[in-house]
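K.L.:
Chains as they are written, first to last, in this note's numbering: chain A, 1 to 310; chain B, 1 to 537.
Since the hints were made in silico from the structure, they are not lab data.
Computed Cβ-Cβ distance ranges for the label pairs, DEER-style:
hint, chain 1, residue 1, chain 2, residue 2, range
1, A, Leu58, B, Lys90, 42 to 48 angstroms
2, B, Asp104, A, Gln55, 34 to 40 angstroms
3, B, Met376, A, Ile100, 56 to 62 angstroms
4, B, Ser102, A, Ile100, 58 to 64 angstroms
5, B, Lys154, A, Asp59, 27 to 33 angstroms
These figures come from a predicted structure and were not determined experimentally.
Backbone N, C-alpha and C fix where the C-beta goes; we use that ideal spot for every residue, glycine too.
Listed below, chain by chain, are the residues.
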Amino acid sequence: MLAYALRRIVVSVPLLVGVSLLVFLILRLIPGDPAQILLFGANPTPDMVAELRHQLGLDQSAPAQYWLYAQRLVRGDLGYSYVTNSPVMSEIAARLPYTIELALAALGVALVLGFVTGILAGMWPGSVIDRIATVVSVLGLAVPYFWLAQLLVLIFAVRLGWLPALGLGGPTAIVLPALSLGLGFAAIITRLLRSSLIEVYQQPYLLVARAKGMAPSRLLVRHALRNAVGSVVTVIGLQIGNLFAGAVAIEIIFGRPGLGQYLVSSIQQKDIPAIQGVVLFVAVVYIGVNLLVDLAHGVLDPRVRLGWSR
Amino acid sequence: MSTFRLRRRELRRPVLMTVGTVLALALAGGCSATSSGPVGTGGGGGSQLTVALFQNPDSLDPAATGLVSVSQIDAAIFDTLTYKFAGDDKIYPGLATSYEISPDGTTYTLHLRTGVKFQDGTPFNAQAVKANFDHIVDPATKSKSAIGALGPYKETQVVDDSTAKVVFKEPNLAFENEMSQVTLGMSSPTALQKYGADYGNHPVGTGPFTFESFTNGQQVRVTRNPDYAWGPDKLGSGPAKLDAITFRILSDPSAQRNALNTNEVQVAGNLTPQDVATAVGAGAKTATATSSGMPYGYLINVDKAPTNDLAVRQAIQLAVDKKSILDTLFEGQFDPAASVLTASTPGFVADGVTYDPDKAGQMLDQAGWTKGPDGMRSKGGTPLTLDLINITGFGFDDISTLLQAQLKKVGIAVTITDQGFPAVATTYNQGTQNLANWFYYDVDPFTLNTVFACNQVQSGFNWSHYCNADLDAKIIAANATVDRDQRTKAYQDIVTTLNQAAAFLPIYDTKTVLVTKGVSGIQFGPTGQPYFTSATR
Chain A
1 MLAYALRRIV
11 VSVPLLVGVS
21 LLVFLILRLI
31 PGDPAQILLF
41 GANPTPDMVA
51 ELRHQLGLDQ
61 SAPAQYWLYA
71 QRLVRGDLGY
81 SYVTNSPVMS
91 EIAARLPYTI
101 ELALAALGVA
111 LVLGFVTGIL
121 AGMWPGSVID
131 RIATVVSVLG
141 LAVPYFWLAQ
151 LLVLIFAVRL
161 GWLPALGLGG
171 PTAIVLPALS
181 LGLGFAAIIT
191 RLLRSSLIEV
201 YQQPYLLVAR
211 AKGMAPSRLL
221 VRHALRNAVG
231 SVVTVIGLQI
241 GNLFAGAVAI
251 EIIFGRPGLG
261 QYLVSSIQQK
271 DIPAIQGVVL
281 FVAVVYIGVN
291 LLVDLAHGVL
301 DPRVRLGWSR
Chain B
1 MSTFRLRRRE
11 LRRPVLMTVG
21 TVLALALAGG
31 CSATSSGPVG
41 TGGGGGSQLT
51 VALFQNPDSL
61 DPAATGLVSV
71 SQIDAAIFDT
81 LTYKFAGDDK
91 IYPGLATSYE
101 ISPDGTTYTL
111 HLRTGVKFQD
121 GTPFNAQAVK
131 ANFDHIVDPA
141 TKSKSAIGAL
151 GPYKETQVVD
161 DSTAKVVFKE
171 PNLAFENEMS
181 QVTLGMSSPT
191 ALQKYGADYG
201 NHPVGTGPFT
211 FESFTNGQQV
221 RVTRNPDYAW
231 GPDKLGSGPA
241 KLDAITFRIL
251 SDPSAQRNAL
261 NTNEVQVAGN
271 LTPQDVATAV
281 GAGAKTATAT
291 SSGMPYGYLI
301 NVDKAPTNDL
311 AVRQAIQLAV
321 DKKSILDTLF
331 EGQFDPAASV
341 LTASTPGFVA
351 DGVTYDPDKA
361 GQMLDQAGWT
371 KGPDGMRSKG
381 GTPLTLDLIN
391 ITGFGFDDIS
401 TLLQAQLKKV
411 GIAVTITDQG
421 FPAVATTYNQ
431 GTQNLANWFY
441 YDVDPFTLNT
451 VFACNQVQSG
461 FNWSHYCNAD
471 LDAKIIAANA
481 TVDRDQRTKA
491 YQDIVTTLNQ
501 AAAFLPIYDT
511 KTVLVTKGVS
521 GIQFGPTGQP
531 YFTSATR
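Let the sequences and hints guide you as you build the complete structure.
P.N.:
Rendered as structure tokens:
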């Protein structure tokens, strides 16, 4: 198990280097000179622009700039925001709790709803519950979360007045953002779990267990779910990226000061260190979560880790 | 996330401020503060206001900030040396009770109000004025807007406790108006010293509200300054009426609309025109003010064919039906512009152009641009086609589309391409375009120097590529004219010349439209930033 874990961690390193290189390159291919942006409106002379470019290191060759960037990264230094002049790391740290809170709440919504409906639908395929779950989950997948967010606000905040329209403040403020972001994810889990369960329930060992009179609850928890849940865990890992992407829209709609909102405002102001920092940070989280998922797989399913450590 | 930018983000998203000003989308100011709603939780005790703000502050230090939204907050925390109000060219005493300008226009002697204290207890005096202006020009401050508003600053001399002499390297009459800009608000020298580079998170002024907290990305909170007794009469004497204001950062117009609907905010300035109309229909009020500066419109490149032909430029102006554009897109909430300056800017003269497509056609015929069988014009085989380069997400997209349709009717073809800001500035400086998006906020017409001076063609804002050395000299001379009336006259001459050159196609005057619920008494500064001192809820 340890060798498996180590191997997975080592594989992540080139991934991270690749991500940092991509982020670095893409931002340099986008037109627009940050020095010009920073001086915009100050009637800069070409000398002033050149001076600022020098200060920012923009007059160096691209490889030299990347090397400087990579060196600082290794020290955990994401640079200073062009806009606020404060360390990008501290800006991210200030906003991260809001995004984590949103992501966890959405994940909670997704897991609870996804598992409940997925299990019900998977245990009784073709039943009324299954049909309702299928229709709702297709809708959940088809509806974009930013549209869903507006709809939920309109109904529960504006019309009914039950919940606040802004996603910060009282304890109920997280409900609408979490639902908006979590429902689509719940739909994915529902569909996946349903089909896995249906498949698992048709396996001979389950038929045998059932024929021997094992209690349905024990059958579900000990045997069926354990085998069906693997694919769901993988999807959760992959969906973390979607949660962050969705957080961008949801944080803006609900006025939450999270990472997504920070990313958007940084892009608008072409605050390169901030964009690099956030994108890289999200990539690290994504890779980290998927690493955990791989490890969890190893725990849940011995076949996975044996296959690796042999 | 790109969907968010592509969505027409309306016209009031100032992006980056400029020389004490803004190249930003509408947040303008002007005359009629007409917000009179029902009184909510009574004035005096316990009244709180939440105001939606569309940008996260970059710094709350007025000397450092480059964002127009920060001026709303800073106008609550800080006082300026003088005050000006929207649609009113009069200068009101602020922290300076009076001032004299030397005959050469380089030295301002300021007589300061006595007995004024900063919110941290530091007394306001001539030393504080010096500390503030020195702070603006200190490279460490990285001033984005204030440094432009201040102008060619040389030094401040402390004559005595209540007299300061501000000296400029050249005549700088624009400063007489610029003194009222929030970016030149007076900070506590003690706080500047104490917090250093972090002062932007701990602003201390003499204003009606004391800074309480700034939660990055979320909100800024200010509370009433009980000692405030030196505000301009126009904002009500004595302390502010409200107990506290929360500026809630909501960059999305629909978030602002939702929050207004649920009463989580009571003032929102960035709704779409359609949402404004709906909100007003549902009982909300608006408080509006037209802004000084340059209108929303298009700088016409006088250096590139076919707009190097004066007849073509004049025909473009005649062929555009501004009213129809404004009715279609903005529910008539904005007024058509009629000059290189907005109507509330000193020096404004109307260009006298009225919508007349027939006359436009005749002018083009006379200039040799004749219609072909397809209805489009050409001259000597060269088609009459204009390159319009739009700035993505700046609120011009729909205007440009309507413009294209209107010009087609008189036989002028328009090709529209989009480019992101601020990369577009380089393109505009190179002069690839015939039509460039434009608007500008400023309290003084000296702004014309920034936009039409010969030395601004290559790297500045002179995107019309208009260069007239004679006019340059006139603008410099106007800025050295101490007498206000004479100065205004000089600017009127300049504006007339510019209007005749047809180097700008004005569309509408920038304007702040605040939608309010149960709030009254909001007033506005000349560039449309609201003052909440006299506001009640």
